[in-house]
Amino acid sequence: MKNTTRLLLAALVCTGMVACAKKVKEEPVAPSEPVDTTQTQTTTTEGAYGPEDLDTDSCLRQRVVYFDYDRADIRAESQAILACHGKYLRDRPSSAMTLEGHADERGTREYNLGLGERRGNATSQALQANGGSAGQINVVSYGEERPTCSESSDDCWSKNRRVEIVYTAK
Amino acid sequence: MMRSLSLACLLFVALTGVASAQLKIDITNGNPSATPIAVVPFGAETAGLPPETDVAAVISADFNRSGQFRGLPRQDIVELPTRSADVKYPTWNVLKQDYLVVGRVLDAEGGAYRIEFELLDVAKQSALLRLAVGARPNDLRGAAHQIADLIYEKILNVRGAFWTRIAYITSTGTGQSRQYALMVADSDGYNPQTVVRSREPLLSPNWSPDGKRLAYVSFERGNSSIYIQEISTGSRQVVASYKGINGAPAFSPDGSRLAMTLSMSGNPEIYVMDLASRRTTQITRHFSIDTEAQWTPDGQNLVFTSDRAGKPQLYQVPASGGDPVRVTFSGEYNAKASLAFDGKRIAMAQGGGNVYRIAVLDRSLGGSGEMRTLSPGNLDESPSFAPNGSMILYAAREGSRGVLYAVSTNGAVRQRLVLADGDVREPAWSPFRQR
Chain A
1 MKNTTRLLLA
11 ALVCTGMVAC
21 AKKVKEEPVA
31 PSEPVDTTQT
41 QTTTTEGAYG
51 PEDLDTDSCL
61 RQRVVYFDYD
71 RADIRAESQA
81 ILACHGKYLR
91 DRPSSAMTLE
101 GHADERGTRE
111 YNLGLGERRG
121 NATSQALQAN
131 GGSAGQINVV
141 SYGEERPTCS
151 ESSDDCWSKN
161 RRVEIVYTAK
Chain B
1 MMRSLSLACL
11 LFVALTGVAS
21 AQLKIDITNG
31 NPSATPIAVV
41 PFGAETAGLP
51 PETDVAAVIS
61 ADFNRSGQFR
71 GLPRQDIVEL
81 PTRSADVKYP
91 TWNVLKQDYL
101 VVGRVLDAEG
111 GAYRIEFELL
121 DVAKQSALLR
131 LAVGARPNDL
141 RGAAHQIADL
151 IYEKILNVRG
161 AFWTRIAYIT
171 STGTGQSRQY
181 ALMVADSDGY
191 NPQTVVRSRE
201 PLLSPNWSPD
211 GKRLAYVSFE
221 RGNSSIYIQE
231 ISTGSRQVVA
241 SYKGINGAPA
251 FSPDGSRLAM
261 TLSMSGNPEI
271 YVMDLASRRT
281 TQITRHFSID
291 TEAQWTPDGQ
301 NLVFTSDRAG
311 KPQLYQVPAS
321 GGDPVRVTFS
331 GEYNAKASLA
341 FDGKRIAMAQ
351 GGGNVYRIAV
361 LDRSLGGSGE
371 MRTLSPGNLD
381 ESPSFAPNGS
391 MILYAAREGS
401 RGVLYAVSTN
411 GAVRQRLVLA
421 DGDVREPAWS
431 PFRQR
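Here the protein sequences line up with chains A and B, keeping their order.
Under this note's numbering, the first residue of the first sequence is numbered 1, with each subsequent residue one higher.
Under this note's numbering, the first residue of the second sequence is numbered 1, with each subsequent residue one higher.
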């Protein structure tokens with residue numbers, strides 16, 4: 001059953017995330033495994049994640065959520081990532097994570113600290129809606145202080161407006 | 001005009017031998033209506049070797065930077081009097097100079113110097129100022145800035161702000177080897193000194209009103225925390241390290257309180273901490289981002305950034321709490337206020353989308369005030385007024401690095417201060433220094 005869950009999630013990821021696959025920082029989306037369509041659909045609660053899935057599961061390996069300019073709304077394309085990490089938090093109550101909120105360089109530094117936190121909080125809420133609990137999630141905003149890309153361009157800015165999921169306990 | 005100013009600047013740089021790690025200053029535009037003043041090279045009447053610092057060049061560069069004066073380029077100075085008795089006024093009349101400064105460096109006790117100078121009115125052929133300033137052997141630049149301040153005040157009736165300092169943040173290296181530093185330098189970028197160095201981000205330096213301490217934000221504990229550090233001793237303490245954001249520290253004008261942004265309630269709000277008791281009072285209560293509080297000079301109010309209306313705008317609120325009143329109405333994005341000493345002029349980062357510039361709102365005429373753009377860049381931010389309100393420092397992006405600019409508040413002269421290596425940002429101009 002666990003495999004089914006993972007396959008279903010992988011399928012969801014592959015369809016939902018194709019458009020933003022190039023923006024994902026951690027790992028490219030794994031080549032889709034053949035989905036066994038003969039199996040009946042099951043609810044996601046039945047297969048529980050284990051710590052090893054953080055390194056192997058194609059959804060859990062994605063740890064970055066991206067945002068629009070001056071916005072903290074969760075994009076539709078991020079739902080799959082938040083669903084699997086939320087489920088992981090629920091499956092592993094001893095696990096914990098820090099959400100590092102970031103902004104692009106436009107606008108003032110202190111305002112961007114606020115914006116990074118707002119993005120972290122929005123991500124935290126989405127993870128809680130997917131099964132995580134508040135006690136497992138710590139939000140830290142770095143504002144615009146830790147860009148992953150240092151050019152002043154739309155492409156770079158879109159990579160810097162992000163929340164990074166960092167597991168502090170598996 | 002532009003050319004002669006840049007020549008003067010080149011000469012200035014050549015004469016004083018700028019070390020590569022120091023801030024280099026380029027004047028990017030000039031002010032043709034500035035008052036012409038000739039600062040004649042000071043005579044060296046010392047027993048030993050003449051001092052290395054070219055005092056007259058430091059003074060002249062200060063004047064050029066102010067936008068109010070135009071120093072006569074060194075190559076146009078054809079006579080070299082060092083005291084008023086030797087001055088031939090017709091020469092300076094022909095050169096169209098309004099004022100003339102002559103002086104000499106003498107030995108004082110214990111290896112120190114005594115700099116005597118005279119400010120002369122060329123048209124009236126008379127002395128306006130005749131003074132002497134003492135200088136430690138390693139601080140002739142400081143003495144030169146003090147002389148520039150005295151002359152500036154005598155002519156303009158406004159206290160000079162050349163003998164002041166600037167604080168700023170630098171970032172060098174990339175990735176794992178990235179280093180941040182909080183620096184302090186003279187107002188012209190010379191004598192940079194490291195106040196604190198960190199592998200984690202540093203931001204938002206703010207001067208105590210006595211100019212002896214800096215409040216700033218550091219991430220060295222893994223989250224933002226506010227520190228206050230004594231500049232001369234390096235001793236420091238954490239004053240705020242709550243859950244969430246600890247940011248935007250700002251000393252009250254009397255130094256007894258620190259305004260700050262804390263998000264321990266769930267989102268960023270303005271608080272005021274009484275520094276003696278460390279007790280905090282929450283000033284704003286709104287689900288929006290409230291941050292970047294600055295004190296009005298009377299200590300009665302705070303001007304801060306809030307996006308409660310959708311986009312960031314400036315608001316004012318009593319420092320004891322109350323209902324915020326919106327201050328800025330033109331421009332999509334107005335943030336990070338810096339108030340001039342008069343409380344009437346507010347500099348800010350103004351913009352939207354991909355363009356951010358420095359604008360000044362002048363509230364002296366009443367109503368919602370008059371807004372004027374002062375900088376031409378694309379990503380200009382962090383304005384900071386000089387303590388006399390005559391100039392504004394700000395941060396700009398050039399390529400993928402940050403640089404600092406100083407612009408005269410009248411917009412006439414803008415100049416760049418570039419660190420040889422890395423990214424420079426978040427300038428904060430010090431208060432006046434006590435003589």
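In case anyone wonders, no lab produced these hints; they're calculated from the structure.
Don't take each hint at face value.
What the hints assert, rightly or not - Mimicking DMTMM-like on lysine to aspartate or glutamate, the simulated pairs with C-alpha atoms at most 20 Å apart in a straight line are: (1) A/Lys170 <-> A/Asp55; (2) B/Lys212 <-> B/Glu153; (3) B/Lys311 <-> A/Asp55; (4) B/Lys344 <-> A/Asp73; (5) B/Lys154 <-> B/Asp107; (6) B/Lys96 <-> B/Glu79.
What the hints assert, rightly or not - Each pair of labels, with its calculated beta carbon distance range: (7) B/Lys154 <-> A/Asp155: 51 to 59 Å; (8) A/Thr148 <-> B/Leu128: 52 to 60 Å; (9) B/Lys344 <-> A/Val166: 41 to 49 Å; (10) B/Asp274 <-> A/Asp155: 44 to 52 Å; (11) A/Ala129 <-> B/Ser277: 35 to 43 Å; (12) A/Asp68 <-> B/Pro32: 44 to 52 Å; (13) A/Thr148 <-> B/Asp323: 15 to 23 Å; (14) A/Ala129 <-> B/Arg221: 28 to 36 Å; (15) A/Lys170 <-> B/Asp274: 27 to 35 Å; (16) B/Ser241 <-> A/Thr148: 24 to 32 Å; (17) B/Phe287 <-> A/Asp155: 29 to 37 Å; (18) A/Gln125 <-> B/Arg326: 23 to 31 Å; (19) A/Ser153 <-> B/Glu332: 15 to 23 Å.
To be verified - Residues of chain A clear of chain B, computed beta-carbon distances all greater than 12 Å: (20) Val64; (21) Ser94; (22) Glu110.
Every residue gets a Cβ at the ideal spot worked out from N, C-alpha and C, and that includes glycine.
Evaluated hints:
1. A/Lys170 <-> A/Asp55: Holds. A/Lys170 to A/Asp55 sits at ~11 Å (cutoff 20 Å).
2. B/Lys212 <-> B/Glu153: Violated - the C-alpha atoms of B/Glu153 and B/Lys212 are around 24 Å apart, more than 20 Å.
3. B/Lys311 <-> A/Asp55: violated (40 Å)
4. B/Lys344 <-> A/Asp73: violated (38 Å)
5. B/Lys154 <-> B/Asp107: violated (26 Å)
6. B/Lys96 <-> B/Glu79: Distance ~14 Å between B/Lys96 and B/Glu79 Cα, so the pair holds.
7. B/Lys154 <-> A/Asp155: 51 to 59 Å: Cβ of B/Lys154 to Cβ of A/Asp155: about 55 Å, so the range 51 to 59 Å holds.
8. A/Thr148 <-> B/Leu128: 52 to 60 Å: holds (58 Å)
9. B/Lys344 <-> A/Val166: 41 to 49 Å: For B/Lys344 and A/Val166 the Cβ distance comes to about 47 Å; the hint holds.
10. B/Asp274 <-> A/Asp155: 44 to 52 Å: Given a distance of about 47 Å, which is inside 44 to 52 Å, the answer is holds.
11. A/Ala129 <-> B/Ser277: 35 to 43 Å: holds (41 Å)
12. A/Asp68 <-> B/Pro32: 44 to 52 Å: holds (46 Å)
13. A/Thr148 <-> B/Asp323: 15 to 23 Å: violated (41 Å)
14. A/Ala129 <-> B/Arg221: 28 to 36 Å: Hint holds: Cβ distance 30 Å, inside 28 to 36 Å.
15. A/Lys170 <-> B/Asp274: 27 to 35 Å: With Cβ atoms ~44 Å apart, the hint is violated.
16. B/Ser241 <-> A/Thr148: 24 to 32 Å: Since the Cβ atoms of B/Ser241 and A/Thr148 sit about 26 Å apart, the hinted range of 24 to 32 Å holds.
17. B/Phe287 <-> A/Asp155: 29 to 37 Å: holds (32 Å)
18. A/Gln125 <-> B/Arg326: 23 to 31 Å: holds (29 Å)
19. A/Ser153 <-> B/Glu332: 15 to 23 Å: At 21 Å between Cβs, range holds.
20. Val64: holds (17 Å)
21. Ser94: The claim holds: A/Ser94 sits with its nearest Cβ about 21 Å from chain B, beyond 12 Å.
22. Glu110: violated (4 Å)
The structure does not agree with the numbered hints 2, 3, 4, 5, 13, 15 and 22 stated previously, though it agrees with the rest.
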